Amino acid sequence: MAAAATEITICRSTRRNLRYILLWPNINEELEPSNSYTGKIVTYVLITAAFPLCVLIHVITTKTRNIDVPVVDNISALASLTGTYYMSFIYTKNQSKVARLLKEMSNFENFGKPPNFDQKEQVLNFFSTFFFLYLSVGIVQYDLLKFKGKAECEERNKNQDLTENCGFITPLWTPFSTQNVFVYYSFHVYIVFCAQLLMKPNMLITYNEFEITQHLVLRIKHLNQMICEAIDNTQFEISQSRLTNCILYHVDIIRMAKALDECFSNAMFTHTCITAIICACIEKQFVEGDRLCAILHFSGWILTLTFACCSGQILINASESISESIWSSKWYEVDVRLQKDILFMLRRSQTIFFLTAGPFSSLSFPLLVSAVKMSYSLLCLLTY
Numbered sequence: 003m004a005a006a007a008t009e010i011t012i013c014r015s016t017r018r019n020l021r022y023i024l025l026w027p028n029i030n031e032e033l034e035p036s037n038s039y040t041g042k043i044v045t046y047v048l049i050t051a052a053f054p055l056c057v058l059i060h061v062i063t064t065k066t067r068n069i070d071v072p073v074v075d076n077i078s079a080l081a082s083l084t085g086t087y088y089m090s091f092i093y094t095k096n097q098s099k100v101a102r103l104l105k106e107m108s109n110f111e112n113f114g115k116p117p118n119f120d121q122k123e124q125v126l127n128f129f130s131t132f133f134f135l136y137l138s139v140g141i142v143q144y145d146l147l148k149f150k151g152k153a154e155c156e157e158r159n160k161n162q163d164l165t166e167n168c169g170f171i172t173p174l175w176t177p178f179s180t181q182n183v184f185v186y187y188s189f190h191v192y193i194v195f196c197a198q199l200l201m202k203p204n205m206l207i208t209y210n211e212f213e214i215t216q217h218l219v220l221r222i223k224h225l226n227q228m229i230c231e232a233i234d235n236t237q238f239e240i241s242q243s244r245l246t247n248c249i250l251y252h253v254d255i256i257r258m259a260k261a262l263d264e265c266f267s268n269a270m271f272t273h274t275c276i277t278a279i280i281c282a283c284i285e286k287q288f289v290e291g292d293r294l295c296a297i298l299h300f301s302g303w304i305l306t307l308t309f310a311c312c313s314g315q316i317l318i319n320a321s322e323s324i325s326e327s328i329w330s331s332k333w334y335e336v337d338v339r340l341q342k343d344i345l346f347m348l349r350r351s352q353t354i355f356f357l358t359a360g361p362f363s364s365l366s367f368p369l370l371v372s373a374v375k376m377s378y379s380l381l382c383l384l385t386y
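Reminder that position 227 of the sequence shown reads as 229 in this note's numbering, one-by-one numbering, no gaps.
Rather than coming from a laboratory, the hints here were simulated on the basis of the structure. The reader is advised that the hints may include incorrect statements.
Said to hold, decoys possible - For lysine-lysine, the following BS3-like pairs were computed, each having C-alpha atoms within a straight-line distance of at most 30 angstroms:
hint, residue 1, residue 2
1, 260, 223
2, 122, 223
3, 122, 95
4, 122, 65
5, 342, 115
6, 332, 105
7, 332, 115
8, 95, 260
9, 95, 105
10, 260, 42
11, 105, 122
12, 115, 99
13, 160, 148
14, 150, 65
15, 99, 122
16, 332, 223
17, 342, 223
Predicted, not measured: the structure shown is a model, and the values here were computed from it.
Working from the sequences, and respecting the hints, build out all of it.
Rendered as C-alpha cells:
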C-alpha cells in the first residue's frame, strides 16, 4: 500500500511525451531529479539553439541590407521559439513541484478515490497521445507545404538576384551553402527535428495543466457528493465525522489549487502574450495568401490557448459549485451543534479558485477573447 501511494498514477501519457522531448526526468527520479535531468535540458538547448539563431540572423541581414523579403514568418517563428524556451525553462524549474503535486493527487488514502477517476484518466491519456501525434504530423505537413514552394522561391531568387534558402519550414540564414543536395537535405532534416522539439512544449505544458485541473475538478465533485451525504445524514455522530472529513478535504483541495497555480502561472503568462503576437503574424500570413500553412499554424496555437483558458474557467465553475452543494443539501434540518461547522465551510467555499497568467489576468474565456482582440490589433499594426 505504501509503495502504491508513492507512485504517480496520473498524467502518464503527458509525462512520457515530455520525456521524449527531454523535458521530463526518468521515472525513477521524477520527484528528485538528478544531474542527468540537467544534462537533458542542456542537451535540449544545444541541439536546438542553432535553429532560432539562424532565423534571427536572417531577420538582421534582411533588414540591414534592405532586401525586399517579407519577415513576418521570421517574427512569428522567433516569438514562438523564444516563448517555448522561456516556458520550458520555467516548467523544468518547477518540475519537481509538479511531480510532487501529481504524487499527492495520486494518493487516495485519506478521502478515497473520486468517482469516474479511472475513466477520466483514460480519456485524458488518450487525448494527450492524440495531440502529441497531431503536432508531430502537423509539423511535417507544414514543412511539406513550405517545401512545395521551393521551386517558386528559387525562381524568385534567380529573377531578383537573391540568395534566400528555399523550402525550409521558415526563412533562415545558413553559414554555409545549401546548393549541395546532401548538405541541403541533411540540414532540412535537422531543422524539422528541431521543430519537433521546439513546437511541442507549449501544447504539452498547457495540456498538463489542463489535465491536472480536470483531476482537481473530479475531487471537487467528489467533495460535493460527500457534503450532501454528511449534511443529509440524520445521525449526529456520523454526520459530524463526515462533515469534519469534508472540511479537511476542502482544505486539501484549496492547497492543491494554489500549488497548481504556482507551478504554471508564469508559463501561462508567457503563453498568453506570445500567442497574441504569433496569431497576428499568422493572420498577416493568411492575408498575404499563404492560407493553408496559416490555417494549420493558427489552429495549433488557438487550440493550445483554448486549453489554457478552459482550465481556468472549469476550475472557477467547479469552485463555485461547492457552496451550491451546501445550499442544495438539507442544511435546515441539521443538528444545531453542526451549524457552526457548516457556516465555516460555507464561508471558505466563497473563495473562488483562479489559475492566473502571471500578473496579466486569470485564465478564463474572457482572457481568450482578449487575446484574440489583441492579435487583431497587432495585425492592424503589421498591415499599416
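Going through the hints against the structure:
1. 260 to 223: 18 angstroms, holds
2. 122 to 223: Holds, at about 13 angstroms.
3. 122 to 95: Status holds; Cα separation ~28 angstroms.
4. 122 to 65: With Cα atoms ~51 angstroms apart, residue 122 and residue 65 exceed 30 angstroms; violated.
5. 342 to 115: Roughly 28 angstroms between the alpha carbons, so the hint for residue 342 and residue 115 holds.
6. 332 to 105: Violated, because 35 angstroms separates the two Cα atoms, which is more than 30 angstroms.
7. 332 to 115: 25 angstroms, holds
8. 95 to 260: 17 angstroms, holds
9. 95 to 105: 17 angstroms, holds
10. 260 to 42: Given pair residue 260, residue 42 holds - Cα atoms ~29 angstroms apart, limit 30 angstroms.
11. 105 to 122: With Cα atoms ~17 angstroms apart, residue 105 and residue 122 stay inside 30 angstroms; holds.
12. 115 to 99: Answer holds: residue 115 to residue 99 is near 22 angstroms, not above 30 angstroms.
13. 160 to 148: Holds: residue 160 and residue 148 sit about 19 angstroms apart, inside 30 angstroms.
14. 150 to 65: With Cα atoms ~26 angstroms apart, residue 150 and residue 65 stay inside 30 angstroms; holds.
15. 99 to 122: The hint holds at about 23 angstroms.
16. 332 to 223: 18 angstroms, holds
17. 342 to 223: 23 angstroms, holds
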